[in-house]
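Asks: Given next are the chains, with one letter for each unit.
There are 2 protein chains.
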Amino acid sequence: MRDFDETNITDAVVESFSGTPDPRLRQVVTSLVHHLHDFIRDVDLTFDEWSTAIDFLTRTGHMCTGTRQEFILLSDVLGASMLVDAINHRMPGSATQTTVLGPFFVEDAPVYPLGADISGRMTGEPLFVTGSVHSEDGRPLAGAAIDVWHADDGGFYDVQQIEKLGGLAGRARFYADERGDFHFWSIVPKFYPIPDDGPVGQLLNATGRHPNRPAHVHFLIAAPGHETLVTHVFAADSEWLDSDAVFGVKNTLIAEFAHRPAGVAKDGQKAEQPYRHLDYHFGLKASAEGASSSGPRATIRLPA
Amino acid sequence: MRDFDETNITDAVVESFSGTPDPRLRQVVTSLVHHLHDFIRDVDLTFDEWSTAIDFLTRTGHMCTGTRQEFILLSDVLGASMLVDAINHRMPGSATQTTVLGPFFVEDAPVYPLGADISGRMTGEPLFVTGSVHSEDGRPLAGAAIDVWHADDGGFYDVQQIEKLGGLAGRARFYADERGDFHFWSIVPKFYPIPDDGPVGQLLNATGRHPNRPAHVHFLIAAPGHETLVTHVFAADSEWLDSDAVFGVKNTLIAEFAHRPAGVAKDGQKAEQPYRHLDYHFGLKASAEGASSSGPRATIRLPA
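In order, the protein sequences belong to chains G and Z.
The opening position of the first sequence corresponds to residue -10 in this note's numbering, with each subsequent residue numbered one higher.
The opening position of the second sequence corresponds to residue -10 in this note's numbering, with each subsequent residue numbered one higher.
Think of the hints as simulated: they come from the structure by calculation, not from any bench.
One or more of the hints may lead you astray.
Copies of one chain are not kept apart here, so a pair can be met inside one copy or by any two copies together.
[Said to hold, decoys possible] List of simulated lysine to aspartate or glutamate pairs, EDC-like, C-alpha gap at most 16 Å:
#1 K153 with D0
#2 K153 with D142
#3 K255 with D170
#4 K255 with D268
#5 K153 with E(-5)
#6 K274 with D31
#7 K179 with D37
#8 K239 with E(-5)
#9 K239 with D256
#10 K239 with D(-8)
#11 K239 with D(-6)
#12 K259 with D33
#13 K255 with D44
#14 K274 with E152
#15 K259 with E114
Model the full assembly from the supplied sequences, consistent with the hints where possible.
Replies: This is how it looks when you write it as C-alpha cells:
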C-alpha cells in the first residue's frame, strides 16, 4: 500500500482494519473511517482547520477531570448523546421517556431514607417531590433504586462547588417502598448554563449558541428485570424549554412544580414557608432477553 | 425545539448552528453534525460503545503533553492526516510530493552550519545527506530553511529520550547555500513503531494492526514565495514500506541510502568507517496568491 491520494486512501484505511478479530469493532471502525473521510472531503478541510481540530480535541481532553467531563458536553451539544439515547430507546410504549445522562451523575451517591431533605447547604425554594415507580403493565416496583440529582438556585451542581457545600448535596439514592412510592425534600433547581468556560463553551460562543438548559431534576431508576431509566423531569415554568443546549426536552417529561402554601405537606412534615411540589410517576420497560446494556455508564467517581 | 427522535434531531442540531456568524465555521460544523449523526445511525451505536468512545477520547486527551500528541497519532492511523495532506496538495506538478508532519516536529530546532554532524549522542550507522532545494522551474532556492528530524537506530526520536541524550539530537535547521545545496551528517534511522503505549496503540492492537513506520528522514523546507514542503524520504531497504501504519509512503519519496566505504566523502570530510549516503533533490511549489496556509502547524514546543 503506497501512493495514497484522496481517491484511494479510504479503501486502504478500511483494508488496514480488515483483520480486526471482533466483527462488531470491525464494523464500527470501518464506518467511522468512511464518515470521517467523507467529512474531510466534503468540507475540503485545510491544514489550519485540521490543526485547530487537533488543538480543540486536546484541550477538550485536558479539561476532563474526575468531576468535569468535557467530551460528554461536546457529545451533548452536538446532539450525539440524544441521538444515541433515541436509537437505544425506540418504541418506549407506556414507559417513561428517556433523556441524556449529562456530565454530573455520581456513582454511589449517599442513600437517604424516604422523606429526607437532601438539599444540604444548597440554597433555594423548598421542593417536595413525590412519585412512584411501576412497570409498563402498572405493577408497582417495590425497592426500585432511585438516584436523583439536581442543581441549586444558582444553577450549580454540588460537584461544581463541593468545597463551598462541604460535600455532596441535592443528590441521593432512595429505595421505593412496598407500593413503589417515594418522596423527599430538596430545593428547586434553576435553569443553568452547561459549564462553558472550556472548549465546548468556546464552540457555543463562536457559533452564536447559548449554553442554557431548562430547570430539571435528574432521575436514574433501576429495578430488577427492567431497563434502567435515565431521564429528567423539567419544570413547566422554566426558561429555555424550547432551546435546550443539549436537545433533551420531551413534552412528556415536563411537569408542574406546583406552588403550595406553608403548612403540613402530604407526608405529614410541616413546611415553615411556601414550597413547590413535584409529583411524577415513572414507568420502566421490561428488560430485553440478554440485553447487554441498560443505559449510559456513570463517569464521575469521587475520591473516597 | 422539543421531542427529538432519531429522525428529526439532526435537522434540529443543524438549525441550532444556523446563526454561526462565520460562514466557513457554519459549513464545517453543519457537515460535522451530519457525518457524526450518520455514523451513529449507521452502526446503531449502543450506550456501552458511546461510553467507550467518551473514555477513549478522554484518555487520548490525557496522553497529550508538550512532547506527545496522541490526537495526531489517532488522525494518522485513521488516514485522516494523509487525506488532509492529499486534499491540500492536489496536482503537485514537478514539486516534491508531501506526506504527514507526524507528531515529532519541534519548532525552533537548533541551527547548524552545513556539513555539521547532528547526531549528538544518538547511535547508529553514519549517514551522509546531500541535496538541493529548487523551485518547480528548476531555479535554486538559495537560503531555503531546511528542518530535518529523524529517529535513531532503535527507532526513537530525541524527544522520546531527551534525558538520556542530554538534549535534542538527530534534529536541526540548515540553510541552503547560494546554489540551493545542503549537506550534513547524522546516523541512519531505523523503522519504528509509532508510540503505542497509549489509547492509539490499544486501538491498533484491538484491530490487529501493527504500529510500524518504514525508516525515514523528515524534511520541512521553507522558502519565500513558495509553499512550505512537509515530507519524508524513506529508505529503500526498510521494512514496512508496504504497510506504513500512517499511510504516508509514496514511491517518489523512496530513495537509496547507498553503502559507501570508509574514506573521504563528497564534502571532503574523512569517514573513519563505512557510511550510508542519501542524496535527494527537493522541488517547491510556488505559493498561490493569498494562500493562508502552507502546511500543518507545529505542535511540540519545548520549554526554554
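Asks: With reference to the structure, classify each hint as holding or not holding.
Replies: Now for the hints, and whether the structure bears them out:
1. K153 with D0: For K153 and D0, neither the intra-copy (55 Å) nor the inter-copy (41 Å) Cα distance is at most 16 Å.
2. K153 with D142: Within one copy only: 15 Å inside, 55 Å across.
3. K255 with D170: For K255 and D170, the Cα distance is within 16 Å only inside one copy (13 Å; across copies 90 Å).
4. K255 with D268: Intra 11 Å, inter 88 Å, cutoff 16 Å: intra-copy only.
5. K153 with E(-5): neither (54 Å within a copy, 40 Å between copies)
6. K274 with D31: Intra 41 Å, inter 25 Å, cutoff 16 Å: neither.
7. K179 with D37: neither (40 Å within a copy, 31 Å between copies)
8. K239 with E(-5): Answer is between: at 13 Å across copies they meet the 16 Å cutoff, but 42 Å inside does not.
9. K239 with D256: neither (29 Å within a copy, 76 Å between copies)
10. K239 with D(-8): between (51 Å within a copy, 4 Å between copies)
11. K239 with D(-6): Classified as between: cross-chain Cα gap 10 Å, same-chain 46 Å, threshold 16 Å.
12. K259 with D33: For K259 and D33, neither the intra-copy (65 Å) nor the inter-copy (50 Å) Cα distance is at most 16 Å.
13. K255 with D44: This pair counts as neither: shortest intra-copy Cα distance 54 Å, inter-copy 44 Å.
14. K274 with E152: Neither. Shortest intra-copy (38 Å) and inter-copy (59 Å) distances fail the 16 Å Cα cut-off.
15. K259 with E114: Close inside one copy (15 Å), not across copies (86 Å); limit 16 Å.
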